Structures are given as structure tokens and as C-alpha cells.
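Trainee: If you're matching them up, the sequences are chains R and W in order.
Numbered according to this note's numbering, the first sequence spans residues 1 to 233.
Numbered according to this note's numbering, the second sequence spans residues 1001 to 1311.
To be clear, the hints were calculated from the coordinates, so they are not data collected in a lab.
Since the structure is predicted, the reported quantities are computational estimates derived from the model, not experimental observations.
Note that beta-carbon positions come from the ideal geometry of N, C-alpha and C, so glycine has one too.
Do not take every clue at face value.
[Claimed, not checked] Taking beta-carbon pairs under 10 Å as the criterion, some of the chain R residues facing chain W (in silico): (1) Glu26; (2) Ala35; (3) Gln80; (4) Phe88; (5) Leu99; (6) Thr103; (7) Glu105; (8) Arg127; (9) Gly131; (10) Ser142; (11) Ala146.
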Amino acid sequence: MLKLEGIDVYYDSIQALRNLSLEVREGEIYALLGANGAGKTTTLKAISGLLIPRKGRIYFQNEDITFLPIEERVKRGISQVPEGRRVFGKLTVEENLLLGGWTKEREIKKNLEIIFSLFPVLKQRLRQLAGTLSGGEQQMLSIARALMSEPRLLLLDEPSLGLAPLLVRDIFHYIREINEERGVTILVVEQNAHMALQIAHRGGLLQQGELILEGSADELKNMELVKSAYLGG
Amino acid sequence: MRAKNIILVIGIPFSLWLINHFISNPSIFSPYILQIIVLMGINAILAVSWDFISGVTGQFSIGQAGFMAIGAYSSAFLTLKYKVPFLPAILFALILSAIAGFIVGIPTLRLRGDYLAIATLGFGEIVRVAILNMPSLGGATGLKGIPIYSSFFSVYLALAITLWFCLALLKSQPGRILLSIREDEIASQMMGIDVVKYKVFAFTFSAALAGLAGALYAHWTSLVHPDSFSFMKSIEIILMGVLGGMGTIYGPAVGGMLITLLPEGLRLLLEQNPLLYQNKDFVRMLFFAILLLFFIILRPQGIFGKREAKG
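The whole structure should be built from the sequences, with the hints applied where relevant.
Mentor: Dropping the structure here:
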């Protein structure tokens, strides 16, 4: 469904991704792991269109999207949940959701119903300013906002960031539910490798801008390198 | 809702028209009072125009006086030299300042924060200096003898339409998009919003409103001069917006009125003291500066703004 072919991404003169190739298959949860600065977020930015690779190609559903503007990618079904949630703090929960669905204006009602069945707590908070929600609720809102554009591929950037362990479990539970029940393919970037590999089907390990390992979640869990470096022994 | 709208559409202009008769009668209100009331309306439109780009969309502009100048000079030129009626002249001013906003907006709105502020500041000064050097626009002497077409009625009708339009826009999807750009540009981009397009739209619209205020101003004072549209005017407009409450639209309208009214009150006080009265411009600026500082420190959300959520 999504294919990166040998992409190089730079921040000005600093190279962040080196010849990265990666494939995410339809219907799966793919976990991209790695330490700080490994290039995880950069990979997502290249897919969503915030950064354009200098070399290589990105294909989505067999179409070349390497140079498409962000809005075009959203319309085709790629939606990103940014790192650190980034909800529109001084707008209400409802306004946040409506903004998320602005490329699919005709489906807004239907999509809101779907969101409320998935995250009932958001329905109670509709008129509340998003900035006054708790961290976990903001993360839910951020995911819900991204779902409003009816994505086929959801990009999640560190969904566990800054959340209490119990909430992290909740959020990952929701991610699995979105994947299983709504059939959305998910690419999740995580430092919490343990949690990510529990829900992922496959995954890869990034190190200094290169993909050094790839495999099924079970394989990755048992690899020495992953165990020692990212799973704590 | 429908019935209410019809009543508003007919009722507001009609009552403004009635008030106009009453207020424009020199035996009831002195020309001095009328002068202040009309200028309050014009400044309210200016403050709203600034709030639309800076308060709502979050793009800090300090060149609003430049667009006002374009509106004032272009309409005055038409009515003075070509005897064009008022309404077409206003429309021309609106369109010309909108075009200027569009042209300035495309390159500058890719800039952020301080850089955008500096670019708009530069634009405002360019307009002023350009007019200063154009003999056909009167140069340093300005344009005199502009027909007095503005009235309480036309100014407040323009203000009512401006407020209604901006508030309606704010509740619609395009309005929400502008607010989201102010809140978080990158997150808006991720929603699939063409951020630059919407910023240019907001800038163009804001410029058109400032042009409208300029046209009304020129046809009320009967005289336009490059000094009326200096950097200080832009700062005054910002003060109106900050005082009223950025991003609320109606707040800056009230702020515009207060900032017009306050110096008049101040003048009455200063007249008691010859020394202060001699330096009244200085005292006025000092007063504005203290007021702005006071608001930024103690009440950054302005008179009508919502308090920002902590954390």
C-alpha cells in the first residue's frame, strides 16, 4: 500500500534519512522503532509531505506521491497524528474535529458518529476548549481529528509521549481497534518499543537514518539487538 | 432565524438612518461631537480589519495604515478629479486595496512572526513615501477639498456590515480554518489545509477592510495627507485591537472607539494645564504607551478576549 524506495531526506545540509526503503502492507500495523534522532519522525514527514526527499520515490496505492502537496495526500487518504498531539488549544473539541474533516465535508456527520462510538468521552467534551483536556484526552482528540478525513493510512508519531503508563495502554488499545474494526492501515513511530510491538504485525528498526532490521513483530521481539537496546534486556 | 435576519437587515439601516437625522442636526449635537462619533466608527472598522489578519489568523501586521492610505487616496482621487459618485469610489478603493493586499501577501505570508511584521511595516512606509513623491496625489501637501460624502449613516452602516460579515465568517468552516492557522500552522497543514492560500485570503480581506475605512475617512475629513497614514497610525490600530481583545472582532471594534474617544477626554484634562497642553502630542503618546503596556502585562486578552487556558 505504501512503499518508500531509497529515499534520502535532508534538513538543509544535514542528512536525516539514508537510502531508506520500506513497505507497509494493506491492513497491517507497522511499528517503526528507533532511538532519538534515528529519523523516525522524518520518515513520517516525508510520507505526509511536510518534507520532500532529495532522492528516491514514495508510492501510495501504486501511485507516485513523492512530490504531491500535503493537502493532496490527505485527500488520497494519508493522515498524520503529529508528535505532541498539537490540538488547536483555543478551539473547542467540536471545532477541532470539524477541521479534521474539512476535506470530507459531506461525510462529517457520519464520521462524527464513528468517532463518538470509538471515543465516547469526546462527545461529552464537545464544547470544551481542547487546551483544557487532559493529556490522554488530547491524544484521543488528535487521533480522532486525523480519522475525520477518512484515512486509509494513519501515521502516528509517538502516541505514548508524555502519557501515564495506564493511558498508554488505552491509547494502544484504541489504535488496534481502529486497525481491526475500521480497517485502517497504521504506521506507528514509537520509542516505547515494548508497547508498539504488542499491537504491531510487522516492524522495522531505524538507526542513524537507515533501516537496519525489519521483520514480523514476533521476530523483532526476539532479536538480541532489539531486546538489549529497546526492550530493556 | 429567517424572520430575525430580515428584521436585522431592514431594521439596522433604518434605525441608523433615523439616528443619522437626529445626530447630524447641529442644533442637537455640536459638529465636534459628531466628528468624534464618526471617527469612532471609522477606527472601529480599521481595528476589525487588523484583528482579522492578526487576531484571528495570527499573522502580525504593522502595515494597516498603508492599506488605509491606498483606500483613502484612490477613492478621493476619483471623487475629486473625476467626479465619480461615492459608492463606486468606495468599491474602487476596496478592490484596489484588496489587490495590494493580495500582491503583498503572496510573498510576505511565507514569512513568519517577526519577519512578517517587518515586511508589513516596510510596506506601510513604502506606500506613504510613494504618495509623498507623487505630484498627482498632492505630494507632501496632500489632497484637499475632497467632497464630504461620508456621514454617520454610511460609516456605521459599513461598520455593521463589516461586523456581521466577519462574525458570520468566523463561525463558518473558512473562519475555523483561519483560527486553526493561528493556533498551529503545522497541524493545520496536516489537516490538508493549504495554509498559504488561506493566509493570503485573510490578508487580502483585511486590506480591503482597511481600504474601506480609508475611503470613509477621506470623505469625512475632506483632506488626506501622507502623515495621516504613518507608522504611528498602524501602531494606533494595533493598540485598538489589543485593547479590545484580539481575535474577537467585536472587541477591537469597541477598542477602536475607545482609543478615539480617550484622547478627547485627555484633551479636556490637559486644557487645564498650559504646560501639558503645549506638549499634548507627547502626553498622548505617553498615555497610549502606558495603556498598551498595562494591557499586555495585566490583561493580555484585552477587554473582551477569553482568558487563555493555562498549560
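Trainee: Confirm or reject each hint.
Mentor: Here is what the structure says about each hint:
Checking R/Glu26 against chain W by beta carbon gives a least distance of about 22 Å; that is not within 10 Å, so the hint is violated. Hint status for R/Ala35 relative to chain W: violated, with the closest Cβ pair at about 23 Å, above 10 Å. At about 5 Å, the closest approach between the beta carbon of R/Gln80 and any beta carbon in chain W falls short of 10 Å, and the interface hint on this residue holds. Nearest Cβ of chain W to the Cβ of R/Phe88: about 4 Å, under the 10 Å cut. The hint holds.
Proximity of R/Leu99 to chain W holds as hinted, the smallest CB-CB distance being about 5 Å (cut-off 10 Å). For R/Thr103, the interface hint holds, the least distance from its beta-carbon to any beta-carbon of chain W being 5 Å, beneath 10 Å. Interface restraint check for R/Glu105: the shortest CB-CB distance to chain W comes to about 7 Å, inside 10 Å, so the restraint holds. Because the beta carbon of R/Arg127 sits about 13 Å from the nearest beta carbon in chain W, more than 10 Å, this interface hint is broken.
Interface restraint check: R/Gly131 against chain W, minimum CB-CB distance 4 Å, threshold 10 Å, status holds. Taking 10 Å as the C-beta contact cut-off toward chain W, the hint placing R/Ser142 at the interface holds, the least distance being around 9 Å. For R/Ala146, the suggested interface contact is upheld, since its CB lies about 8 Å from the closest CB of chain W, less than 10 Å.
Consistency with the previously given hints fails for numbers 1, 2, 8, ordered from lowest to highest.
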